[in-house]
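Listed below are the residues making up each chain.
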Amino acid sequence: MKRGVALACAVAALFSITGDARPADPPVPAAQLDLTGVWGPYRAERESDPALLPPPAGPVVLKPEYAKQWEARRAAEADAIRRGESPGSPATLCVPYGMPRMMSVAIYPVEIIQTAKRITIVTEAFSEVRRVYLDRPQARIEDVPPGYYGRSVGHWDGKALVVDTIGIKTTVVGYQNLPHSDQMHIVERFHLVTPDVLHDDILIEDPIVLERPVTYTVAYRRMPAYEMVEFVCDNNREYLDQTGAVRMRLHDR
Amino acid sequence: MLSCRCLALLAAGAVALPSPALAHHSFAMFDTVNKVTITGTVTTFEWTNPHAYIEIDVPDAHGTVKHWSIELGSPSILLQSGWKYTMLKSGDRVTLLVNPLRNGQPGGMLVQATLSDGRVLGNGPGAAPAQATPPR
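These protein sequence lines map, in sequence, to chains A and B.
The working numbering numbers the first residue of the first sequence as 139 and each following residue consecutively.
The working numbering numbers the first residue of the second sequence as 4 and each following residue consecutively.
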């Protein structure tokens, strides 16, 4: 009993020092894979090793009613581009990408911050943030308020980090502009293919929209010296005209 | 003096562009086949997101000044191709090679900038030139 009281007092003292109601997140165990650092896209460039590039993406097979809409939209956008019109998107208006597109935006890197209980992923483009909890179970999908990043939990499977994400709102534009329902479920498998090349194998399931899961891989290279650049979208001159095409606002002298 | 001439570089390979600005929008509003060279005086250099901009006054052969707005990549993209936010300031004279807006308005997307000290800079990794040339 006395030992119990002493322990409670010690814990209370610790919290009073830190000012936090929870103990600090301990550092990553030395034996575990540490993904902490900045990772840039590993792309087909002169110095790239073809063996380390992402494997070809899997086919996209939507349920017929969604396939028709998706194909019609792609055709309309292709026509617009042929006419010299830029089709707009939420990103044109500086709305963040959300999951899963935020994981592969042009040449912008991502930063991974890893502790024993959490992985935090910060993207450079639009400064988006994901939090992956390693010590908690996934919630029921109906208990997650739909958002851009949803709720992610993860676990280690040997040397791979497996991340499960649900709760992406349906207005978030998907991979290849795919539509999705509120039942979309994303499973990622992060694994090193060399000490400095990381692959994120992404699987997207959606029982309402997809006939079968969509799979693709995003590859990253380690950028040990890189310092993330801030990206606050405070000078957006692009706007959409009445047809939805992108226009550039010019300044006078 | 004005230097605004359409170069009409039709070789597709010569106009291959990097994908930096795809973070934000497609390039379709710019004429990526033809290029225009403009020489003038910088009024502002905006080191901002989602794009940086060069605002520039360009005089024609008769001394009439037209103002152009030139879009660049984001600061992140520019840093990766040798730019610094201090490289341009109001009053600098520069020559810009740009893909003009298709609608004919005085705006465009930067292909290459030649600064007053002779340095030549592209508009993102993979753009020509990939690296800034040393000052003369």
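No wet-lab data here; the hints were simulated from the structure.
Given the structure is predicted, the values throughout are model-derived calculations rather than measurements.
Don't take every hint at face value.
On the chain A side, residues computed to face chain B include the following (Cβ under 7 Å) [as the list claims (entries may be wrong)]:
# : residue
1 : Tyr204
2 : Glu262
3 : Val370
4 : Cys371
5 : Val384
Derived coverage of chain B by chain A (criterion: at least 3 residues anywhere in the stretch with Cβ under 8 Å from a Cβ of chain A; other residues may be distant) [unchecked claim]:
# : stretch
6 : 40-46
7 : 50-63
8 : 66-78
9 : 108-118
Label pairs and their calculated CB-CB ranges [to be verified]:
#  : chain 1 : residue 1 : chain 2 : residue 2 : range
10 : A       : Asp379    : B       : Gly94     : 33 to 41 Å
11 : A       : Glu368    : B       : His70     : 22 to 30 Å
12 : B       : His70     : A       : Pro188    : 46 to 54 Å
13 : B       : Arg96     : A       : Arg256    : 24 to 32 Å
14 : A       : Thr381    : B       : Gly94     : 36 to 44 Å
15 : B       : Ser93     : A       : Pro228    : 55 to 63 Å
16 : A       : Pro193    : B       : Thr98     : 23 to 31 Å
17 : B       : Val123    : A       : Ala189    : 33 to 41 Å
18 : B       : Val123    : A       : Pro228    : 29 to 37 Å
19 : B       : Thr98     : A       : Ala195    : 40 to 48 Å
20 : A       : Arg181    : B       : Ser93     : 49 to 57 Å
21 : B       : Thr44     : A       : Lys206    : 51 to 59 Å
22 : A       : Lys297    : B       : Ser93     : 31 to 39 Å
Glycine included, each C-beta is placed from N, C-alpha and C at the ideal position.
Unmet hints by their number, sorted upward, for this structure
Of the numbered hints, 1, 6, 13, 15, 16, 20 and 22 do not hold.
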